[in-house]
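Student: Using the sequences provided together with the hints, build the complete structure.
In the working numbering, the protein residues as written are 47 to 122.
Note that these hints are calculated values from the structure, not bench results.
All of these numbers come straight from a predicted model, not from anything done at the bench.
Here a beta-carbon is modelled for each residue, glycine too, at the ideal position from N, C-alpha and C.
The reader is advised that the hints may include incorrect statements.
[Unchecked claim] Now the in silico label distances, taken between C-beta atoms and shown as ranges:
hint	residue 1	residue 2	range
1	Q54	E74	36 to 42 angstroms
2	P121	G68	30 to 36 angstroms
3	M120	N70	30 to 36 angstroms
4	M75	K48	31 to 37 angstroms
5	E74	Q119	33 to 39 angstroms
6	V95	E71	34 to 40 angstroms
7	M120	G68	26 to 32 angstroms
8	W50	T100	36 to 42 angstroms
9	G68	T96	30 to 36 angstroms
10	M75	Q119	33 to 39 angstroms
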Amino acid sequence: MKTWIETQQTTWKVWWAIANDGENEDGEMEEWLATGTLVTTTNPDGATVTAYETIDVLLENGKVRLLNVASQQMPE
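Tutor: Next comes the structure, spelled out in structure tokens:
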């Protein structure tokens, strides 16, 4: 991850975000944040790739407990 961050020029643009609370299968309340984000990466050779990512974040005691990311490359 460190090498990727150092070598890629990456920008994130959040399109939307929704906070949700819901009961899990054990009857406990969970706090979730769902986002839709455009991620644009420019490689050292100048090639640019844009992907649409849906990110679901499970928060517990104010900290990130789990991330689920679905990513799809956008057409040029």
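Student: So, for every hint listed, does it hold in this structure?
Tutor: Hints, one by one, checked against the model:
| no. | hint | verdict |
| --- | --- | --- |
| 1 | Q54 - E74: 36 to 42 angstroms | holds (38 angstroms) |
| 2 | P121 - G68: 30 to 36 angstroms | holds (34 angstroms) |
| 3 | M120 - N70: 30 to 36 angstroms | holds (33 angstroms) |
| 4 | M75 - K48: 31 to 37 angstroms | holds (36 angstroms) |
| 5 | E74 - Q119: 33 to 39 angstroms | holds (36 angstroms) |
| 6 | V95 - E71: 34 to 40 angstroms | holds (37 angstroms) |
| 7 | M120 - G68: 26 to 32 angstroms | holds (30 angstroms) |
| 8 | W50 - T100: 36 to 42 angstroms | violated (20 angstroms) |
| 9 | G68 - T96: 30 to 36 angstroms | holds (31 angstroms) |
| 10 | M75 - Q119: 33 to 39 angstroms | holds (36 angstroms) |
Hint violations for this structure: number 8 only, all remaining hints satisfied.
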